[in-house]
Amino acid sequence: MFVGSNPTLSATRVMAVYHQVIERLRRVLPAAAVLSSPEELKPYECDALTLYRQLPLAVTLPADEAQVIAVLRICHEAKIPIIARGAGTGLSGGATPRSDAVLLSLARLNRIIGIDPLARTARVQPGVRNLAISEAAAPHDLYYAPDPSSQIACTIGGNVAENSGGVHCLKYGLTVHNVLALRVVTIEGEVLEIGSAAPDAPGYDLLALLTGSEGLLGVVTEVTVRLIPKPECARVVLAVFDSLTRAGQAVADVIAAGIIPAGLEMMDRPTIAAVEPFVNAGYPLDAEAILLCESDGTPEAVEEEIVRMEAVMRGAGATACRVSCDEAERLRFWAGRKAAFPAMGALSPDYYCMDGSIPRKRLAAVLQEIRRMEARYGLRCANVFHAGDGNLHPLILFDSNIADEVARAEAFGAEILELCVREGGSITGEHGVGVEKIDQMCVQFGGDELETFHAVKRAFDALGLLNPGKAVPTLHRCAELGRLHVHAGKVPHPQLPRF
Amino acid sequence: MTDLGSLQERVRAAASARRPLLIRAGGSKDFYGGPLKGELLDVSAVSGITHCEPTELVISAQAGTRLADIERVLASFAQMLACEPPQFDGWATIGGAVASGLSGPRRAYCGALRDFVLGIEMIDGRGGLLRFGGRVIKNVAGFDVSRLMTGSLGTLGVLTEITLKTVPRPRAECTLRFEMDQPKALESMARWAARPLPLSATAWHEGALHVRLSGADAAVSSACGALGGEIMAGADAYWESVREQQLPFFAAARELWRISLPPHSPPLPVVGPTLIEWGGSLRWLPGPQDGSDLQALAARIGGHASLYRAFSKPSGSPFQPLSPAMLAVHKRLKAAFDPQGILNPGRLYPDL
Numbered sequence: 001m002f003v004g005s006n007p008t009l010s011a012t013r014v015m016a017v018y019h020q021v022i023e024r025l026r027r028v029l030p031a032a033a034v035l036s037s038p039e040e041l042k043p044y045e046c047d048a049l050t051l052y053r054q055l056p057l058a059v060t061l062p063a064d065e066a067q068v069i070a071v072l073r074i075c076h077e078a079k080i081p082i083i084a085r086g087a088g089t090g091l092s093g094g095a096t097p098r099s100d101a102v103l104l105s106l107a108r109l110n111r112i113i114g115i116d117p118l119a120r121t122a123r124v125q126p127g128v129r130n131l132a133i134s135e136a137a138a139p140h141d142l143y144y145a146p147d148p149s150s151q152i153a154c155t156i157g158g159n160v161a162e163n164s165g166g167v168h169c170l171k172y173g174l175t176v177h178n179v180l181a182l183r184v185v186t187i188e189g190e191v192l193e194i195g196s197a198a199p200d201a202p203g204y205d206l207l208a209l210l211t212g213s214e215g216l217l218g219v220v221t222e223v224t225v226r227l228i229p230k231p232e233c234a235r236v237v238l239a240v241f242d243s244l245t246r247a248g249q250a251v252a253d254v255i256a257a258g259i260i261p262a263g264l265e266m267m268d269r270p271t272i273a274a275v276e277p278f279v280n281a282g283y284p285l286d287a288e289a290i291l292l293c294e295s296d297g298t299p300e301a302v303e304e305e306i307v308r309m310e311a312v313m314r315g316a317g318a319t320a321c322r323v324s325c326d327e328a329e330r331l332r333f334w335a336g337r338k339a340a341f342p343a344m345g346a347l348s349p350d351y352y353c354m355d356g357s358i359p360r361k362r363l364a365a366v367l368q369e370i371r372r373m374e375a376r377y378g379l380r381c382a383n384v385f386h387a388g389d390g391n392l393h394p395l396i397l398f399d400s401n402i403a404d405e406v407a408r409a410e411a412f413g414a415e416i417l418e419l420c421v422r423e424g425g426s427i428t429g430e431h432g433v434g435v436e437k438i439d440q441m442c443v444q445f446g447g448d449e450l451e452t453f454h455a456v457k458r459a460f461d462a463l464g465l466l467n468p469g470k471a472v473p474t475l476h477r478c479a480e481l482g483r484l485h486v487h488a489g490k491v492p493h494p495q496l497p498r499f
Numbered sequence: 500m501t502d503l504g505s506l507q508e509r510v511r512a513a514a515s516a517r518r519p520l521l522i523r524a525g526g527s528k529d530f531y532g533g534p535l536k537g538e539l540l541d542v543s544a545v546s547g548i549t550h551c552e553p554t555e556l557v558i559s560a561q562a563g564t565r566l567a568d569i570e571r572v573l574a575s576f577a578q579m580l581a582c583e584p585p586q587f588d589g590w591a592t593i594g595g596a597v598a599s600g601l602s603g604p605r606r607a608y609c610g611a612l613r614d615f616v617l618g619i620e621m622i623d624g625r626g627g628l629l630r631f632g633g634r635v636i637k638n639v640a641g642f643d644v645s646r647l648m649t650g651s652l653g654t655l656g657v658l659t660e661i662t663l664k665t666v667p668r669p670r671a672e673c674t675l676r677f678e679m680d681q682p683k684a685l686e687s688m689a690r691w692a693a694r695p696l697p698l699s700a701t702a703w704h705e706g707a708l709h710v711r712l713s714g715a716d717a718a719v720s721s722a723c724g725a726l727g728g729e730i731m732a733g734a735d736a737y738w739e740s741v742r743e744q745q746l747p748f749f750a751a752a753r754e755l756w757r758i759s760l761p762p763h764s765p766p767l768p769v770v771g772p773t774l775i776e777w778g779g780s781l782r783w784l785p786g787p788q789d790g791s792d793l794q795a796l797a798a799r800i801g802g803h804a805s806l807y808r809a810f811s812k813p814s815g816s817p818f819q820p821l822s823p824a825m826l827a828v829h830k831r832l833k834a835a836f837d838p839q840g841i842l843n844p845g846r847l848y849p850d851l
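Heads up: the protein sequence lines correspond to chains A and B, in order.
The opening residue of the first sequence carries number 1 in the working numbering; numbering runs sequentially from there.
The opening residue of the second sequence carries number 500 in the working numbering; numbering runs sequentially from there.
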């Protein structure tokens, strides 16, 4: 039990423990690396899921692994929860603070330890920005493939925690496919060396288990990633459709034709209307949907593939197709896609970016269902997403100054996620569960599976101190929501303790 | 098809009696891992492709389905399993492939079997039927138990169904052969892998390097031109014999060590023949070898060594020992999934 929630301790006693812990942290870290005044804590009150804000108990800014270990040991001993944070760009509230928890920022562990061009690996500290890895590898004509939209700011440690994706996942994989090894500090302050630069490692695949574990199992202090050769060239087909169904069919047809595009993105009519005035990419405003389908590789291979891509798009009923003829045009075609989120700002004071995944063949049906929900919730929704992966990013537009719009936006988002599960998909394709989707976990998983997650959590963190309240709901919470899968009137594993 | 309920019953009964179970389907990998202990739990009847959608690039099959049958179905719409898992004379099943985590020649360039696992259904050590992951390519909800199961040799659960991501078959393929010694071959494989070439497999043995290129016609033909070498006839049969370990090198080895190393590692200071795959990351050595020396050597370079198969199974683990901190985590995970320790005990490590 955490200090802050121990009913046998008086409020005064709890405050005294907090004070002692902060004093102890100050003894092991430089003065500027422990923040505890409200003004200092303010910048850390939320991550990119700004609907949830809370000042943490304190913020620590360790500069090396030894300091990370020291912070973890102090908090573990005092039973104070720990929340790790990278750049705070996460959209699911994985780094949302708690008033009874110490925030552990890894931003100062920002060194690129080494790049080995012939082994095609980079060893970096967790606070290194995603894009900085590719920049450092560029002189060797190598790069790090996963490219979440926040890649200029987000850190590799955060990417590992969330198993982040990006535009190129279908061809190049998610974070889990591109990370080779981790150094992880456990809540007890022990170092685990997980994975290796070799193709495999002895024992269980803890690398996969830790990737996407949202800071619940350990704190990453070093990451070794795989680098891949930069493709020599890339071209994109911009295909225009007058119906969502035909655009959805084109996505399935590309895959059926044996093509794995480097990127396959869709924008719907509201998105096109929002971005075209913003970037003048030349998108037709009367289109129901646009697909951007990219090929990369050697010039010969791209030439061959782009012809096949265009034929598939036309075959699926594209009303127009344009192929980028040079790099400037390719970037112009992409400009609208990349500007989609900022362009929403011009349409609406606030937007809520959802993240669910579905089988590709259900794209059109799900988009049409979302249209119907718009009417029911009285809110608009624009869709711009990774169609090739079946990864939706509905952007729900709302105004937080209007009473109940926040609540309606959240309810709308929750219904979209539940629709994704019904269609055979997932409540999160690449953003993680965090605090945002914790209730929908009760929809996607049954009680036995959730109990297994808790058992895995206990195997790493028996006291539940690492990022509590995120990613995996308690069975109690699901039961209260009326969403626990109870088989034959029995709660799964009633003998096990709950937390 | 065996009723899953009866398998669950068997596991529950074994758990309450604390009686070990030996999970087995095709039995093609009896040679692999630690000693075979316990009462046979035959899952070969839990078989059949349950879901197959070419346009989704996914296939689901029950654990006892043979890889050969899966590959045949995938080939009918020009797809395949990307990492080319070995079929071991056709006996290998999808469940065994995932439980052992063994990948084939394409692994270094397209990813390992675990990279393509999207979801699983399993029975844990309490007899509960659990589902993790799913049938979509992007899914980050919950801990990645599906991939955790991959390579766990049945010590965490009985796999009953697996969903894998598939890939299109390459339109063109060509294998080049180069006469070169080991240091030159290792250097060449590392240099070529750092260039955007459509490499899909490499193997060096007996003074010859074999390089397979796969992809679009234009990409393969231009890469062939760029690399030189001689075009190999009968390449499909050659790569199959690499995957199935039917080359004379493997047949001659009574005992076989598998050494997994970082890319661009130097030649190992060992005497006798070596077969190298995966761009230099996978080295096969025939035994007998001093196992602990070999494991120490592999660890110094950043890899690990395992006794892949032996004339008679060793009493302990054939795998590189874990650090005390890692072993402690492994034991706690084992207890979380299989509290009575009845599932394939000792197959991975004596303590699991």
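Since the hints were made in silico from the structure, they are not lab data.
Mixed in with the good hints there might be a few duds.
What the hints assert, rightly or not - Beta-carbon label-pair distances, calculated as ranges:
1) B:G504 to A:I152: 49 to 59 Å
2) A:S99 to B:D568: 54 to 64 Å
3) A:I152 to B:R511: 37 to 47 Å
4) A:A257 to B:A725: 42 to 52 Å
5) A:C325 to B:D716: 15 to 25 Å
6) B:D716 to A:D399: 37 to 47 Å
7) A:C325 to B:I548: 37 to 47 Å
8) A:P43 to B:S575: 49 to 59 Å
9) A:C325 to B:M679: 47 to 57 Å
10) A:A462 to B:I548: 35 to 45 Å
11) B:A725 to A:E135: 42 to 52 Å
12) A:E135 to B:R676: 52 to 62 Å
13) A:R53 to B:D716: 53 to 63 Å
14) A:A11 to B:L535: 31 to 41 Å
A virtual CB, placed ideally from N, CA and C, is assigned to each residue, including glycine.
Evaluation of the provided hints:
no.	hint	in the structure
1	B:G504 to A:I152: 49 to 59 Å	holds, 53 Å
2	A:S99 to B:D568: 54 to 64 Å	holds, 57 Å
3	A:I152 to B:R511: 37 to 47 Å	violated, 53 Å
4	A:A257 to B:A725: 42 to 52 Å	violated, 27 Å
5	A:C325 to B:D716: 15 to 25 Å	holds, 23 Å
6	B:D716 to A:D399: 37 to 47 Å	violated, 54 Å
7	A:C325 to B:I548: 37 to 47 Å	holds, 44 Å
8	A:P43 to B:S575: 49 to 59 Å	holds, 57 Å
9	A:C325 to B:M679: 47 to 57 Å	violated, 42 Å
10	A:A462 to B:I548: 35 to 45 Å	holds, 41 Å
11	B:A725 to A:E135: 42 to 52 Å	violated, 28 Å
12	A:E135 to B:R676: 52 to 62 Å	violated, 39 Å
13	A:R53 to B:D716: 53 to 63 Å	holds, 56 Å
14	A:A11 to B:L535: 31 to 41 Å	violated, 60 Å
Taken one by one, the earlier hints fail for this structure at numbers 3, 4, 6, 9, 11, 12 and 14, listed in ascending order.
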